[in-house]
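> In case you want the letters, here they are:
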Amino acid sequence: MKKALLTASAAAFALAASAGYAAARDQIQVAGSSTVLPYAKIVAEQFGETFSNFKTPVVESGGSGAGIKEFCKGVGENTIDIANSSRQIKKDEVKSCQDAGVKDIQEVKIGYDGIVFATDVKGPDWALTPEDVYKALAAKVVVDGKLVDNPNTKWNQVNPKLPDWDIAAYIPGEKHGTREVFEEKLLIAGCKKLGGVEAGKAGGLDDKAAEAACKAVRKDGKAVDIDGDYTETLARIDSNKTGVGVFGLAFYENNADKLKVATVSGITPSTETIAKGEYPVSRPLFFYVKKAHLGVVPGLKEYVDFFLDDQMVGPEGPLAEYGLVAAPEAERKAQREAFDSGKSL
Amino acid sequence: MTDVTMDTVATATPPARRDIGLKRRYAAERRFRLYGVLAILVGLAFLVVMLLSILTKGYTSFWQTTVSLPITFDEKVIDPDNKRATDPNVLITANYPALAQKALAEKLGIDAKNKPMMTRLKGFLSDGSRVQLRDVVVSDPAVIGTTRNVDILVAANLDSAFKGQIDLSVPEDRRKVSDQQVEWMNKLKAEGAMAERFNTGLFTFGASSRPETSGLGVAIIGSFYMMVIVLLLALPIGVAASIYLEEFAKKSRFTDLIEVNINNLAAVPSIVFGLLGLAVFVNFLGMPRSASFVGGLVLTLMTLPTIIIATRAALAAVPPSIRSAALGLGASKMQMVFQHILPLAAPGILTGTIIGLARALGETAPLLLIGMVAFVANYPATPFDPATALPVQIYMWANEAERAFVERMSGAIIILLVFLMAMNITAIVLRRRFERRW
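So the protein lines, in turn, are chains A and B. Take the working numbering: the final residue in the first sequence is number 345, and no numbers are missing along the way. Take the working numbering: the final residue in the second sequence is number 1438, and no numbers are missing along the way.
Pulled out of the complex, with its shape left as it was, chain A reads as follows (with noise of 0.2 Å):
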């Protein structure tokens, strides 16, 4: 017994050390955005059921940036492949790619993703500004041209049209891709409706500062980041029926039987309104390959086209199903041209 132990443990040390590992690396590897990740799993899916020839693409979650990080890890086996991604790539982000010898970086845009608000399915209807937002979840609000510590504590002292609850959201973290869209196409666009990036400079800020005060959001418990994916925050809703959630259009629409979705600027997000551009809180999403890796990673040239074909991200495919907007057919066809002729960052 205790021979055969020690044989045997001996025999897997062997086996770790004599390069088992370093055959060809046949599968895609793929990490980053959790919005990213349904319909990167949906793809790969179908993409391993497509081609026989191909494995199934191994999709990690994580999160934008943890996922370009990893990305810029360098080229070779032991790094991925592919990274999803629910907003551009930074300029210091290509930097420290390019430092770390990941050269050409190709950019995908798969669609758009709306970004709602919505609170428990039995409370009232909602119409919400950013000016609403900015009002009630800033940390620091116009009053009377100045920027003092924002003093609502309910709803409907930001809007008197809002119910009489008590201000509690829950919105997605600093790590989330989320939550930059979250700050620019609301906070900030309310904070400069408002004069707050004025107010701002006359309390002697510079343009920067300004808008940095613009998206600090409230501290004081009553904006609550959420640092994990959507089920939590429908968990909160869940436990506190007069708070407000934020969640991605796909999510909202795959429990419309728990939420009631609020308005935008008087725009009911749906796929309709944000392909139009009428809905202002939407996003893109990306994912980007390492080009050194096409061509030595079997299947990823086909993976990324066969995501790119109308049958995928096509307004019919089953990503527009699960509940991302298509982009319009002129700019599809532009992402797959750029892909085919390699262009890179």
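No lab work stands behind these hints, which were simulated from the structure alone. Source: prediction; values computed, not measured. The beta carbon of each residue, even a glycine, is placed where N, CA and C say it ideally should be. Treat the hints with care, since some could be wrong.
[Said to hold, decoys possible] Ranges of calculated distance between the beta carbons of each label pair, as one might list FRET restraints:
hint	chain 1	residue 1	chain 2	residue 2	range
1	B	Ile1110	A	Glu321	19 to 27 Å
2	B	Val1429	A	Lys95	58 to 66 Å
3	B	Gly1145	A	Leu345	48 to 56 Å
4	A	Glu321	B	Thr1200	24 to 32 Å
5	A	Glu321	B	Arg1431	51 to 59 Å
6	A	Asp207	B	Lys1163	56 to 64 Å
7	B	Val1418	A	Glu321	30 to 38 Å
8	B	Lys1076	A	Glu321	23 to 31 Å
9	A	Ala216	B	Tyr1244	51 to 59 Å
10	B	Lys1163	A	Glu184	37 to 45 Å
[Unchecked claim] Capping the alpha-carbon separation at 20 Å, the derived lysine to aspartate or glutamate pairs in DMTMM-like fashion look like this:
hint	chain 1	residue 1	chain 2	residue 2
11	A	Lys258	B	Glu1196
12	A	Lys109	A	Glu321
13	A	Lys69	A	Asp149
14	A	Lys333	A	Glu107
15	B	Lys1057	B	Asp1079
16	A	Lys241	B	Asp1179
17	A	Lys260	B	Glu1196
18	B	Lys1057	A	Asp238
19	A	Lys90	A	Glu184
20	A	Lys201	A	Asp149
21	B	Lys1115	A	Glu316
22	A	Lys122	B	Glu1196
23	A	Lys258	B	Glu1029
24	B	Lys1122	A	Glu107
25	A	Lys260	B	Asp1173
26	B	Lys1122	A	Glu211
27	A	Lys122	B	Asp1167
28	A	Lys260	B	Asp1167
29	A	Lys122	B	Glu1172
30	B	Lys1057	A	Glu174
31	A	Lys258	B	Glu1172
32	A	Lys241	A	Asp229
33	A	Lys185	A	Glu198
34	A	Lys258	B	Asp1167
35	A	Lys140	A	Asp225
36	A	Lys193	A	Glu211
37	B	Lys1057	B	Glu1196
38	B	Lys1163	A	Asp257
39	B	Lys1057	A	Glu232
Mind docking chain B on chain A? Use the hints.
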């Protein structure tokens, strides 16, 4: 005189008993017992609530709704150009969902030319029917041209509706199943074609974006690989280290330092081992991401301190008289350890190992960083292929938007709990049977 004495004795109050607080002490004891019982009851209540919520949510996942349909494996659909002899790909890429769709339409008595009705029919059956029917045809191509009854999985939303998990009283546009689909469902149910069957897929399927075709197959294999690796590495290393520390090493500052460090390591949060694994195994040694081999190595590091501590305790519990007797009869120190001490300490060592393994089986955090929290659909052929683990699959399903994943998540928790219970019971049985008291 005596009378007086008698009198005084009779009338005198008995000498006051020294107050030793007996009553108070008994009361304190009763109160303490009550606290103890209360503590146990609170603990039990939490356990019962947890188990009940998991069981009530999860037991349904062991059944899956299917429709028994007479599928006509029509050659015109599968292989319209009759090329399958030369091009085997034809059988792989054929339009199998159309076969299932057609069979369902016939069953429900819908005219195939009635386009609007046919479009509504989409989404009733699972897209997994493609793989299901393909497997039938690929394993037995002779089936082409014949008709055979196949249990086709229905889509997850209908499965939930069939199990009564979707509130059908809410307006139609707010739920995922239409009234028409409910009507068809009831019709098929009345005919007995649509029924719940035991869900073998839960144990065999890999990860999937469709709830009805997702299962724990990859996770079970991944967890199995990791447990084997942990057992093969952690047990010999741990036992050897403890034997050396306990039987051979001289007590010195240095061994004290090692001992303190081992005890500290046992308390280190598991995510730290994940970071270490990422830095050393993946980034420095260049091992593959998401592989269960790397996961096994990380969990080995995590389990080692537990095994070492348990083994040392088991070795120390063997009475010195046995050592002296062995040495006195002329055994070498090594003979003494391997022929006398180790067999006597074995039950304790095994118990510690099994408990360490059970802890490793339930870990997700260290696996997150080495890429094992991932969507993996293919079975891992070797430990170097991407895989997930049981708790990881629970975590992944917990984050899904679709309702049907909730029951799968609870089902997976039940399965994991069963595994853990089996391991812990083995540990208890081993201890009961072989433990010796001196």
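> Need the list of violated hint numbers for this structure, in ascending order.
Of the numbered hints, 11, 13, 15, 16, 17, 22, 23, 24, 26, 30 do not hold.
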